[in-house]
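J.: Please put together the full structure from these sequences, using the hints given.
The opening residue of the sequence shown carries number 1 in my numbering; numbering runs sequentially from there.
These are computed hints drawn from the structure, not numbers from a lab. Be careful, since some hints might not be right.
[What the hints assert, rightly or not] Straight-line Cα separation of at most 25 angstroms, DMTMM-like style, residue types lysine to aspartate or glutamate; simulated pairs:
| id | residue 1 | residue 2 |
| --- | --- | --- |
| 1 | LYS351 | GLU272 |
| 2 | LYS140 | ASP353 |
| 3 | LYS218 | ASP196 |
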Amino acid sequence: MQKGNMMNHFIISTLLLFELGAVAAAGGTQERHIALSDALRMALENNPAVEAMHSQRRAAEARTREAMSGFLPQLSLNASYTRYQEPNIILPIHQVGVFPPLDDQIYDARVQLYLPIFDGGRTFASRRAARAGMNESRVKEEETRIALTERITQIFIQAQEITDKENLITARVRSLQRRHEELSLLLGEGRVSPADLANVSAFLHGARADSIEIAMKKTELALRLGQLTGAGGELYPRLEDARALQKMGVLSDTLLLHRPGPQVRKAQAKVEQARAMKALAVRSFLPDISGFATYIYRSGADLDLIGEWAAGVSVKLPLFTGGRRIAKVRQAGASLSAAESNLRAAETAQKTDLELALQQLHSARQRRQRIGAAVTSKATSVAAWQEMHQAGRIPLSELLVRETELLQLQIQERSLAWQEVLSALRYQAIAGTLPEVIEKITVR
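T.: The following block contains the structure:
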């Protein structure tokens with residue numbers, strides 16, 4: 001039995017030396033740390049999703065300029081060559097009794113000016129639809145930026161939460177290690193039971209396993225932050241910024257509940273676009289009036305160009321199109337109804353999500369306060385249990401269980417503290433105010 005206990009002590013000591021060596025090796029590798037403001041700047045500059053939304057917004061702006069061009073005159077240059085079976089007149093008859101020349105090869109070149117006069121408001125409707133699409137693209141870009149800001153800020157908060165847990169577990173490991181060393185010496189003198197040493201060893205192994213898991217989570221967060229910022233590799237958050245995020249708060253009233261967030265504003269743009277498309281479909285029944293002016297050069301095979309001008313007004317009134325215009329009006333009306341329903345759904349969803357985030361924040365705060373009181377009471381209880389153990393009134397195994405319960409309560413309290421911040425973060429993201437809030441917090 002004595003030999004087995006010595007072997008157990010040897011294994012624990014070897015594991016301790018191995019861990020210290022790993023820590024020393026890790027210390028030789030320079031970790032890259034980054035501030036929250038720098039991480040957000042890099043992500044917004046390098047993230048492919050943001051670049052894609054930016055390109056879509058520029059495309060929507062170009063479509064708006066294209067729609068605006070419908071108000072402007074159009075100038076075109078046309079040229080043609082025609083070979084006829086029989087000779088045709090090259091020019092119109094300019095004088096009575098004088099027949100124009102004939103040729104079977106005719107060259108034609110013309111400069112034509114088209115001037116829109118009245119199109120039934122179709123150009124206005126097209127411009128409204130294009131502007132609504134541009135607004136939607138801008139909201140989508142903003143939504144992408146907010147989502148990226150939230151994800152990066154979450155990493156900073158989670159890193160601080162993991163660090164708090166790591167500090168508690170590290171203190172627990174050191175305490176168990178000291179107790180293990182003391183019991184090993186006492187066991188050699190025959191003053192303690194081998195079961196006590198085995199119990200401490202079991203708790204020590206469990207605490208070390210938790211430390212390994214925490215190290216893995218920290219590496220995972222660093223890799224994720226490196227990927228989001230475009231830096232690549234492991235990029236560790238600067239924890240001072242994470243602690244500053246505890247200042248993030250939520251409005252005490254419900255003003256933000258009625259402020260349209262990105263999802264609502266995107267649905268509003270869809271409604272405006274659907275209304276414009278319906279107006280465009282209805283206006284297809286109206287006539288199209290335009291003016292034109294043309295200067296024409298014509299010639300036969302001898303390329304002796306002769307020019308003349310023409311000007312006039314054109315009126316186009318579609319009478320029958322097979323029911324296509326009526327179908328488009330119905331389609332546009334149905335699309336508008338769907339967009340309005342989606343807007344109501346988005347407003348309801350935003351209000352629900354904001355209220356839920358607010359309730360989660362209040363719940364986390366109340367639970368943290370209760371757990372904090374439990375930690376205080378449990379710490380007093382554990383101190384009493386330690387005194388009773390030193391007096392030989394309770395076994396060591398019972399004390400270890402009570403200390404583990406205290407550690408779990410402490411970890412839970414810190415986790416709830418950061419859950420408050422995460423709930424506030426979600427609230428501001430839904431309301432669309434997160435970038436402004438983060439900027440105020442990170443300003444030095």
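J.: Can you list which hints this structure breaks, lowest number first?
T.: 3
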